[in-house]
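Whole structure, please, built from the sequences with the hints as guidance.
Anchor point for the sequence shown: position 96 equals 96 in the numbering used here, and the numbering is continuous, going up by one each time.
None of the hints are false.
Derived CB-CB ranges, DEER-like:
(1) E59 <-> N148: 37 to 47 Å
(2) L149 <-> E58: 32 to 42 Å
(3) K89 <-> L152: 43 to 53 Å
(4) K69 <-> L160: 36 to 46 Å
The calculated lysine-lysine pairs, modelled on BS3-like cross-linking and capped at a C-alpha distance of 27 Å, are:
(5) K23 <-> K55
(6) K35 <-> K23
(7) K55 <-> K20
(8) K55 <-> K89
(9) K69 <-> K29
(10) K89 <-> K20
(11) K69 <-> K40
(12) K89 <-> K27
No lab work stands behind these hints: they were computed from the structure. By construction, the Cβ of each residue, glycine as well, lies at the ideal position given by its N, Cα and C atoms.
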Amino acid sequence: MALNIKFEKNQIEDYGKNPKLEKLINKIKNFIGSKLSEFKEIESIVLFGSLASGKFNEESDIDICILFKQNTPKMLQNTIFNYFLSLGKDLNLSIQCVFFFPGDINNWDTIFIENILAEGQLLYGNSNYYEILIKTLEFKPYQIITLNLRALNSSAKMKLKR
Numbered sequence: 001m002a003l004n005i006k007f008e009k010n011q012i013e014d015y016g017k018n019p020k021l022e023k024l025i026n027k028i029k030n031f032i033g034s035k036l037s038e039f040k041e042i043e044s045i046v047l048f049g050s051l052a053s054g055k056f057n058e059e060s061d062i063d064i065c066i067l068f069k070q071n072t073p074k075m076l077q078n079t080i081f082n083y084f085l086s087l088g089k090d091l092n093l094s095i096q097c098v099f100f101f102p103g104d105i106n107n108w109d110t111i112f113i114e115n116i117l118a119e120g121q122l123l124y125g126n127s128n129y130y131e132i133l134i135k136t137l138e139f140k141p142y143q144i145i146t147l148n149l150r151a152l153n154s155s156a157k158m159k160l161k162r
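Written out as structure tokens, the structure reads:
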């Protein structure tokens, strides 16, 4: 199952125009369909990061977001993670998995969620993930803090830098 995808250093690949990357995404989809469809706890699996945004290169990893319908036991999380670990070995690529649970999704960084919304591609499940993530942004409180450093002497400014 290993793919031989060669990239020149820092070469950006647009998967939509690159048959090798389309093949890679299809292998990931097929893997998910064959190995993970049995897990009814999974709401959606979303590809994000450099592969989803078309900036994949030789140093890139594959970023996967897994949204669950409810909080799941650690044992099930480990099983799913191990499936992706084996896929990464087969593809000779690093795969990073992020698990989202309904109970703690409000604790995730807003910018991280916005990135998944902006570039995410549904690999498995339904598009409910989009509505789930949008709702977390709508109700996420935030605060803007402005610091005026003009009154500080250079010694105090250096302490802040450290």
